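Engineer: Next come the chains, spelled out residue by residue.
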Amino acid sequence: MAVTLKPLYPTIREAKERRIKLARYLRLDGGRRLIAAALWLALMSGLTLAQTGHLATQGHAVAQLQRQQTLLLREQSNLRLRLARAQSLADIERRALRMNLRPMRPEQARYITIGTTTDRESSSDDSLPLNP
Amino acid sequence: MAARTTRGTVVNRIPARRSAIPTHPITISRWRLNLILLIAVVIIVRVAVHLGSIQTGQVRVGGRTLAEMARAEVYQSLPIPAPRGVLRDSKGNVLALDVDFQSLYVVPSLIDQKQAQRLALTLSGLLGIPSPDILAAMQNTSRYQVRIKRWLEPEIAERIIALDEPGLLLQYEPRRVYPQQTFAAHVVGAVNFDHVGISGIEGYYDTLLRGSTGVITAEVDSQRNPIWIAPQEIQPAAPGVDLQLTIDPTVQHVIETELKKAVDEHNADSGVVIVMDPRTGAILGMASYPTFDPNRYFEYAPEMYNLNPAIGTQYEPGSTFKIFTVAAGLQTRAFTADTVVDDPGSVYRYGWRLSNWNGAGNGPVNPEKVLYYSSNVGALQLAELIGADRFYAMLNEFGFGHPTGIDIAGEAAGMVQTPARQGWSPLVLDTNGYGQGIAVTPLQLVRMVAAIGNDGKLMRPYVVERRCRGDDCVITQPKQIGQPIEPGVAWTVRRMLVKSANHYAPVVWAGVTGHYGDTWLVPGYEVCAKTGTSSIPDGRGGYIADATIGSVVGLAPAERARFAILVKVDRPRDDYWAVRTAIPLFQSIATQLLQYARIAPDMGLVDPGQTVGGRLNR
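Chains C and P supply the protein sequences, listed in that same order. The working numbering puts the first residue of the first sequence at 1, with every later residue one more than the last. The working numbering puts the first residue of the second sequence at 1, with every later residue one more than the last.
No wet-lab data here; the hints were simulated from the structure. Fair warning: this is a prediction, and the values are worked out from it, not measured in the lab. Be a bit skeptical, because a hint or two may be false.
[Said to hold, decoys possible] Some chain P residues judged to face chain C by a derived CB distance under 10 Å, without partners named:
| no. | residue |
| --- | --- |
| 1 | Ala82 |
| 2 | Val86 |
| 3 | Pro154 |
| 4 | Leu168 |
| 5 | Gln171 |
| 6 | Ser222 |
| 7 | Asn225 |
| 8 | Ile229 |
| 9 | Gln314 |
| 10 | Ala600 |
| 11 | Val612 |
Yeah, the Cβ is synthetic: ideal placement off N, Cα and C, and Gly gets one too.
Pulled out of the complex, with its shape left as it was, chain C reads as follows:
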């Protein structure tokens, strides 16, 4: 079996050299500090701008929704007004008369007694007037 032997020391030396070079790249002198600060500032500005833009978009959406809500509430109150006018008993009576409906005459009523007298008395003790 063939074994390739390489000297260990050159590899360590190369690694050391590479490490020294890297530090040089990362070392901050005056110019690099300025560039770093500018980058940091740009990043922060971009972040702020993005946040503000997002907030403004959301705010616009909220404002739109509020406007829509106002319109819908106005529409609702108008519909409620129309409903209330239509429910007016005077109007209902007028409409019924136009349809040739007439109030019941007393002699047209037929009263039917159901059950015993006792039942009838107890049933008349209801608590509230019922709708006709």
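Start from chain C and add chain P according to the hints.
Structural biologist: Same frame as chain C, now just chain P:
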């Protein structure tokens, strides 16, 4: 070429060549140059400092820094209006609500003055406002905008928008709308142009209905709309409370329709009807005629919309008050149902002659007959049997002379002259016994009758059944405020009043039964009723000769009463007596309400010729 002299001045040496321009050496001292430079520097520094101050907002204008002024321009506190609560009847029908309507403004600076006259004429046709008024508003350049008309109908607003005039501005404004117009107007009341309740429920519950206005503090745009960028401070508005009334729409419709017919038929000045649930004190209906439209309250006299006659007018109750005299005497054991007094038709007391309504005597009468014949002479003797102390104590027990506490604005207290007050004499007790010399409100009287129908329990009348803020509702609980009479006394008085009611029935039924004997006032049912024909004080210690108030109070049905009813017709022109003016009205209302309540008629309570549900056809 320049050379410096010994004095330090600079001398420009001019070449020796001759010139057309005379030459003089210009010399400027160094210190002067330095001075000019210094002044320039000072000015520049001053300007720089001032600019800095402006930039940092240190400059003050009118006591405020520019920064503050700028902030005030951008950040504003805007009100968030709270919608006024909705009013509904007992079935949920809306009686009053807020609706946004567009109001029309003109901006004179944006109006083309050459076209102003034509535009004014167009608007005049749409709005019904004289065109000179509109033109004057358009030419009023001293104001940015001038209001032309508030609360346009939507169709009119649409037509104005279609004109596409830049100088016309439409803005939404809330308006209180009463969709059922005159329906229950005196109960509901009205709000003024500032959205403040001025009468009725609107006035009494104004604070609750209004809610509280909110505030939003935010950055705003040029249209004062909040911009959602900077944080906002919002104090939300609390909407007004919605109120559901005890007013039953059918009951109210019946009494309004019948009251109008009666007032018109008798050519009367006015009239009132109240229907109360005796068991709870809830007002089921309350009508006054003539009435008003709360949407246009300003077109009526103030007393029309400010005063609810059912609770705010006082009148001498007349013979209807004999019910009280009998009830008070039975309760205090001053007499019994069998006690008999003599009624010769007129008697003298303290130098005054006191007579029956027709001057005729009825002979020996017991309390029942006092009510049956409506005997003044009998009633005054019963009052004397009770005695002043007990009589006025019972008046107090029944709540006369005090507001009932109903939740409607404008209630009167009535006037009771007690022995403790100056001017009282024993004659007052006698006249009070048959309902003269005392002033009550219609509500006080119907509450007294309701107590008789409720076995003597006196309830606080109320008209708001439920108060709701969103889904959170508070239901009004009926409140008993006293028991002036025992159940047995109440029952005895009710039996007397049934006979009294049947005594009046021929007014309605004689035409079909063919006789003037007693019969059932409301066939199929026992009802209680007592009439009263009241004289009207003339303000000089006497009474108006040819004017009366006809009224009836009663219960339907007599036992386990569902309705306590008062009807009152003021100054009828065609008939002097209540039995002819108010009894047909009472009978018609009682008949319809008993049918509406689906109370089965008893066919044993129908005389030949009568029809169940039949009523005088006016």
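Engineer: It remains to establish, for every hint, whether it holds in the given structure.
Structural biologist: Going through the hints against the structure:
1. Ala82: violated (13 Å)
2. Val86: holds (8 Å)
3. Pro154: Result: holds, 7 Å to nearest chain C Cβ.
4. Leu168: The hint is violated - Leu168 of chain P has no Cβ within 10 Å of chain C, the shortest such distance being about 20 Å.
5. Gln171: Given a least distance of 13 Å, the restraint on Gln171 of chain P is violated.
6. Ser222: Violated: closest Cβ of chain C sits about 14 Å from Ser222 of chain P, beyond 10 Å.
7. Asn225: The hint holds - Asn225 of chain P has a Cβ within 10 Å of chain C, the shortest such distance being about 7 Å.
8. Ile229: Ile229 of chain P check passes; min Cβ-Cβ to chain C is 6 Å, inside 10 Å.
9. Gln314: violated (31 Å)
10. Ala600: holds (6 Å)
11. Val612: holds (6 Å)
Against the hints set out earlier in the document, violations occur for numbers 1, 4, 5, 6 and 9.
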